[in-house]
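Using the sequences plus the hints, can you model the full thing?
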Amino acid sequence: MTGWRSLLQPHRIVLMALFAGLVVWCAVSLRWDWIPQYTPLAIEGAWRTIWILVVTTVAGFLLAIPLGLAQAIGPWYLSVPAKTFCTIIRGTPLLLQIWLLYYGLGSLFPQIPWIRGSELWPYLRQAWPYAVLALTLSYAGYEGEVMRGAFAGVNKGQLEAANAFGMPRFTMFRRIWLPQAIRNVLPTLGGETILQLKATPLVATITVVEIYAVSSRVRSDLFIVYEPLLLLALFYMIIAGIIALLFRRFELKTGSRV
Amino acid sequence: MELILDTLGLAKSAELLSLSPPGWGGNLLRGLANSLQIALGAFGFGLVIGLFGASGKLHGGVVVRDLLAIYTTVIRAVPELVLILILYYVGTDLINQAASALGYGRVEISGVVAGIWVLGIVQGAYATEVLRGAIQAIPQGQIEAARAFGMPPLMLMRRVTIPAMMSYATPGLANLWLIATKDTALLAIVGFSELTLETRQAASSTRAYFTFFLAAGALYMIVTLFSGAIFARIEKWARRGQPSLREAGK
Amino acid sequence: MKLKTLLAAGLTASALTAGAASADEVKIGIAAEPYPPFASLDASGNWVGWEVEVIDAICAAAELDCVITPVAWDGIIPSLTGQQIDAIMASMSITEERMKTIDFSDPYYNTPAVIVADKSMDIEPTPESLAGKIVGIQASTIHQTYANTYFGDAAEIRVYQTQDEANQDLVAGRIDATQADSIAMADFVNSDAGQCCEIKGAVANDEAILGKGVGAGVRKGDDALRESLNKGIAAILADGTHAEITSRYFTTSIYSE
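Protein sequences, first through last, are from chains A, B and C.
So the first sequence is residues 1 to 258, counted in our numbering.
So the second sequence is residues 1001 to 1250, counted in our numbering.
So the third sequence is residues 2001 to 2257, counted in our numbering.
Check the hints yourself; a few may be wrong.
The calculated lysine to aspartate or glutamate pairs, modelled on DMTMM-like cross-linking and capped at a C-alpha distance of 25 Å, are [said to hold, decoys possible]:
(1) C/Lys2100 to A/Glu227
(2) B/Lys1236 to B/Glu1129
(3) B/Lys1236 to A/Glu145
(4) C/Lys2220 to C/Glu2128
(5) C/Lys2212 to C/Asp2239
(6) C/Lys2231 to C/Asp2065
(7) C/Lys2220 to C/Asp2239
(8) C/Lys2212 to C/Glu2096
(9) C/Lys2133 to C/Asp2118
(10) C/Lys2133 to A/Glu44
(11) C/Lys2119 to C/Glu2198
(12) C/Lys2220 to C/Asp2103
(13) A/Lys156 to A/Glu145
(14) C/Lys2027 to B/Asp1093
(15) C/Lys2212 to C/Glu2053
(16) C/Lys2231 to C/Asp2056
(17) C/Lys2027 to C/Asp2222
(18) C/Lys2220 to C/Asp2065
(19) A/Lys83 to B/Glu1235
(20) C/Lys2133 to A/Asp221
(21) C/Lys2100 to A/Asp33
(22) C/Lys2231 to C/Asp2024
(23) C/Lys2027 to C/Asp2056
(24) C/Lys2220 to B/Glu1235
(25) C/Lys2212 to C/Asp2223
(26) C/Lys2220 to A/Glu145
(27) C/Lys2220 to A/Glu44
(28) C/Lys2119 to A/Glu227
(29) C/Lys2119 to C/Asp2223
(30) C/Lys2100 to A/Glu145
(31) B/Lys1012 to C/Asp2192
(32) C/Lys2212 to A/Asp221
(33) B/Lys1012 to C/Asp2056
(34) C/Lys2220 to A/Glu119
(35) C/Lys2100 to B/Asp1093
(36) C/Lys2133 to A/Glu119
Hints are computed from structural coordinates only; laboratory data are not their basis.
Structural data, given as structure tokens:
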């Protein structure tokens, strides 16, 4: 963390030289001539990955707030369903959830004639709504659990003080409870968002053409294994790095890292 | 009318899920056995990597520490699905090349071993972090005392470090185990017949998607809840003799 | 020490599941995803179907000790080159593109490619008719290459890991048409699930893409295995075994010179 100078230690220079050698070896001995042909497709896929990631984390987080609240202070008829939902989402593989929604739920819709005739049908026959729904629910399930702890972790004295000032309950929630709970979860949120990024390639199995699907296409068109997978790994590492940096800046700004 | 349909529907599901053919219940259970076998192996393999990784990160030289940092960072940033594909092909390629270089014929690599290898390496990165945190949480005096008595490093690890860190590491390890059971589902994509792929095959052969996906979901849930109970007991055992969290907080 | 026991445990575990493997076993890779009526899994976990029986017959005729090994279809060629399997017999068409990477035996069946769509839809197997429609195809197949080449500009191509998934989505109305092998599709439209749909006709042939029939894929230079398989294929074609198996699955021959 001491900046560029720490890279100049002798063993690091040797490691970097070895790494550079590896990169050169890859560039020379592996096959890269296909890149220009697939670049437009890859950009489209990368864009779709990022779009899915952003939409599902935002929607999932918004859903996680009531889930966390219900578990933290809700009456039993709210907290039990919320807890059950989180347990089921966290206890079963995401791949299974995606397939259940797309192949299970999705195959029921067309059997209902009015759905097939409705304006929703053009969307329901696409794959992405199922992908977005599955990933949103998954993120909400994991974050709901985190938010429960965050709400419970806010200092009770502050809430009592606000109450004593006669602050309305909703204002109290909006001005005191929620901001502090979010500040509490920010350090874990970055990690959870990277986990969500790592879950996005699963939607390729239901025909959503994101970056992983593009790499599969290259693999199957050209029968090469390592080249597209290595580039894919690089892509995810860069995005994960960007997410980590963004959250770190955000944390510094809000002062949640002590 | 609806009630009759309902019972009829359930009767059909029960028939589809029965254990002997023409029911597919046996296939699901076989898939579950495969999943658990891989999850156990990968978890164990990951723990071994994690133990060495954690001690390397804490006591290793500069080069070892840098290499381990690269390992854990890369593994934690790249999707498991991509890692599984890369490691699957790299692993089998390397083993076959090594075997032919040594003059053996082709080496048989079963799906179970490949799955354990692939998921184990992924688990190892997370286990390294969990165990490193747990070792750092041990009061330093305990380790110094053991050193002062002249305990050799391996014995120190076995008699002091591992027992003392157990209580700190159990929650993280429980989480890792659950991740291991769920990650086995990803092997479906490389065509290995664990629970998710068996479910998929049963569902598409019979067109009863809901029945099979829900049944598989229930099986995964049972594993999760059951492991939760076991880990709670392990944690209680590992914490024996320590003040409970509530008391300690007072 | 721990690592050793673990390795040993892993090895015994693998031996339990895979059984003892002898050195001269030939691992025949088939797609792990069901592809009826050629290869599918029954409830007791056995692979059954036309192609499975033909594999057995070819291996028996060629005196090979074959083991059927399911592999994910979209990684099946890398599995062959990576030596996880020795031959591919998974309804894989012999094409120029694949010949750059692997070798093929003589063909053991050949069928045209057809377009299947809903009965109520007025669709013909031409690029003009499919314009603006959603066409589902299986990844890594000749149909994918064909559809991308001929329909890709005007139609939306949706790619599936298995033909079975494309069929499901055709029934569910999420795609308008699918292009696939005529025999598999005939089986599908005659099944309960495929009642909605019918074969709209064969696509215009393009041998460079659609290939010269289905053969067994082997590693480049593995001529011994290729020759044995050719011998087996010739033998079952000559002694009537091929025709006998075919007659139990199909009403017409699926092999022509």
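### Message
Output the indices of the hints that this structure fails to meet, ascending.
### Response
4, 7, 24, 26, 27, 28, 29, 30, 33, 34
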